[in-house]
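Protein sequences appear in the order of chains U, F and B. With my numbering applied, the first sequence covers 1 to 274. With my numbering applied, the second sequence covers 275 to 641. With my numbering applied, the third sequence covers 642 to 781.
One thing to keep in mind: the hints can contain errors.
What the hints assert, rightly or not - Calculated cross-link-like contacts (lysine to any residue; reagent style SDA-like; alpha-carbon spacing at most 25 Å):
1. F/Lys616 <-> F/Thr348
2. B/Lys768 <-> U/Cys74
3. U/Lys233 <-> F/Met351
4. B/Lys714 <-> B/Asp754
5. B/Lys700 <-> B/Ala748
6. U/Lys271 <-> B/Gln740
7. U/Lys199 <-> U/Glu161
8. B/Lys767 <-> B/Thr727
9. U/Lys114 <-> B/Pro761
10. U/Lys271 <-> B/Thr650
11. B/Lys767 <-> U/Ile234
12. U/Lys199 <-> F/Tyr572
13. F/Lys345 <-> B/Lys714
14. U/Lys114 <-> U/Lys189
15. U/Lys271 <-> F/Leu303
16. F/Lys485 <-> F/Leu304
17. U/Lys222 <-> B/Phe701
18. U/Lys189 <-> U/Cys108
19. U/Lys196 <-> B/His747
20. U/Lys232 <-> B/Asp754
21. B/Lys739 <-> U/Cys108
22. U/Lys189 <-> F/Met351
23. F/Lys568 <-> U/Lys199
Because the hints were derived from the structure by calculation, they are not lab data.
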Amino acid sequence: MIYCLNAMNLRARLCVFMMLALVPFLLPSVLCAEETAEPVCIQCHSKMPEKYSQPVTLWRGSIHAENGIFCNGCHGGDPKDAANAMSPARGFLGAPKEPAIPAFCGRCHVGVMKDYLASAHGRMLGKGGPTCVTCHGNHQVVKASLELINEKSCSRCHSFERARVIRAAMQETESTIVAIDQRINAFKKIGTDTEKLEKELFSVRNSFHTLFHNVNVELVKKESARIQADLKKIQVVLDRLDATYQRRKIAGAVVVSFMLLAALALHLLRKTFD
Amino acid sequence: MTLIKKIVDWIDVRVGIREVTEKELTGYLLPRNINAWYSMGSILLFAFALQVVTGMLLLIYYVPDADKAFKSVTSIMNDAPYGWLIRMCHAVGSNMMVLVLLLHMLSVLFMGSYKKPRELNWVTGFVLFTMVQGISLTGYLLPWSQLSFWATTVATNSASAIPVVGQYLVEFLRGSPLVGPPTLGRFFALHVAVIPAGIAALIGAHLFFLKRTGVSTPPFGQEDSTNQWQGDSYRYEGHPGGIPFFPNFALEDLRSVAIYMACFLAVVFFDPYLFFTRDSFIPANPFVTPAHIKPEWYFLANYQTLKIFPNELIGLSLQGAAMTFLALLPFIDRGRERHPLKRPLFLVCSIGGVLLWIGLSIWGHLS
Amino acid sequence: MDSDSSRRTFLGVCLGGLGVIAAAAVSWPLFRYLAPRSGSDAAGKVVIPDADVREGEAKFFEFAGSAAVLVRKRGGDIVAYSAVCTHLGCIVQWEKDKQDFLCPCHAGHYSVDGTVTAGPPPKPLKKLPFSVAGGNITVG
């Protein structure tokens, strides 16, 4: 080894030394302390038998999880203190019994709860009628869409016919809303200030979806016209944005051609000096 | 024309402008076999100037406050007339500048122009390279978007792997334990004042060495492409019988700049968001880490290297070693030969290195 | 040589012309970018009769393309806000019995002063400028 070192020139010796100097630093990497914002509920429940861990798995795929609404947001309790996490003194509510479900979800979803309670579905609460959970699920609640109104779900209690009528009445407006949502997203990805548009669409979408909870076809048809008008206003703004971006692309074509023309002229001028 | 002649005469009798023109422009001779790669430096200078101008214009409306930064950039993009154009020129320009810089470095490597007596040119160029990386990194944070915030968090975190001082270094870079308003403050100062001044100074040095030593002759089309420099005393490497810089090569430089501008403007007008993700347009949220935060394309190889090795320090050290090797290349590669095809070891190492870098970048992009 | 020279002049003139166009193409956006901008939308003020807003009650109307609300507080003071909830954009409702605003989407609550008292809204309701004169309230 020493012989080899002597035989190498200074350059190589320098390289070897640099490599050897690294050896004492081969320490195990220090993992950065991960600051978790998740409540203590998840720490215990995710390790329990399926009956108690399934809610966590289901919740992870929900729109609540996406928006930072954790277990304590609905169930109460202390999200930071494992010993008292499920203490009623800290506001823990447990899992609601069936008749209490609408009030449970309605603590946040106020508008929908009002519409539901006034509807045929709401009047059957506690008498075999559906609750929020019946259609939306309890832990894997996803962004509401017309898919929730389907044969399998509705025919649990009655024929699908009346549900089909309502769904048909809502289909066109729903498609418009989805299309507008996609357009706004496309604009957002290119730096357009879509905050006002996003808020308007959310408001219209919400007032539209909440309509269903009245389960009243006539009401849906009547309100749809108003909602379509609101959507049209949004579409006008989007169309104007489209026109602006189109103009910019044309300007781009002009500018690039101009530059290539300049390059050509410079090239030809250069050639005259040979 | 006589008016112009009168003006030039007036200036000439005071500062000898005609003599300067003769020496620096029309009488400054370049090798006959000079090629387009020699214009890369001019393109870089032009691109840098464009960055400075668009940067200054952005400064008028940008607010370097964590609460207001994102909104000010949104306002530039949506409210200020042509603000979108200035912002996108600046954003696209920074990426193009790094690309041209890499091409410039590669052409110098392959033509062996870093060899003696041009070591100082290479060293100043290397420092410029690191400064451009630094200015890109600091600039990235300024829009204060989710992408800005978290990419900076990841980048500054890599310093934690350094033993003993690592964690303190990270905090020092950030101005606080986590990325926040103090980080924006110092990154803004660096991006807008410190590094540009440094880059300008080093460009000055780089050009001084170039002018003083003389432009190198491309090793192509020569019988003997070895380095003839004796090293006994200073001698300017002239090119008698060569082509004048002005107007001949100046026109070639301008032509190259025009082609660069055509490519640059094509990106700005047709797909400027090539380098943006959805997270670029969501305001920074210190409590929500987006799923796929990746650095810009020119840092992907570094990013992937850190991911490969379980110990971050190894990854960091390897990168440090590679950069040191590159910086000291003229002192390590002392061969006299300059033609790339007559330097087999160099070719293998350099092409291998380039492919490795590209491979790591692609891997980093896909992982 | 002569054809070279005339070609040079021609190309020189061409490039000169291109240069002028380029200078203009750069100057115009530069000027527009730097020029002071006219103030916020001058048009679009909304006038509401004083009598329409009773004490303890709210009047909703449209202002600058979105929902807005006027409230006459108990005690007589008038306040004007954008009725767009700062959370996700739903239109807030006025609760007469509680004298506060409630957003029906996720139960965001705002006091009569527009500040958030409960729920997810991140910011208070945006205040709107208004003036009262001659029995009319002019918003904007």
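Q) Broken hints, numbered, in rising order? A) Of the numbered hints given earlier, those the structure breaks are 1, 2, 6, 7, 12, 13, 14, 18, 20 and 23, listed in rising order.
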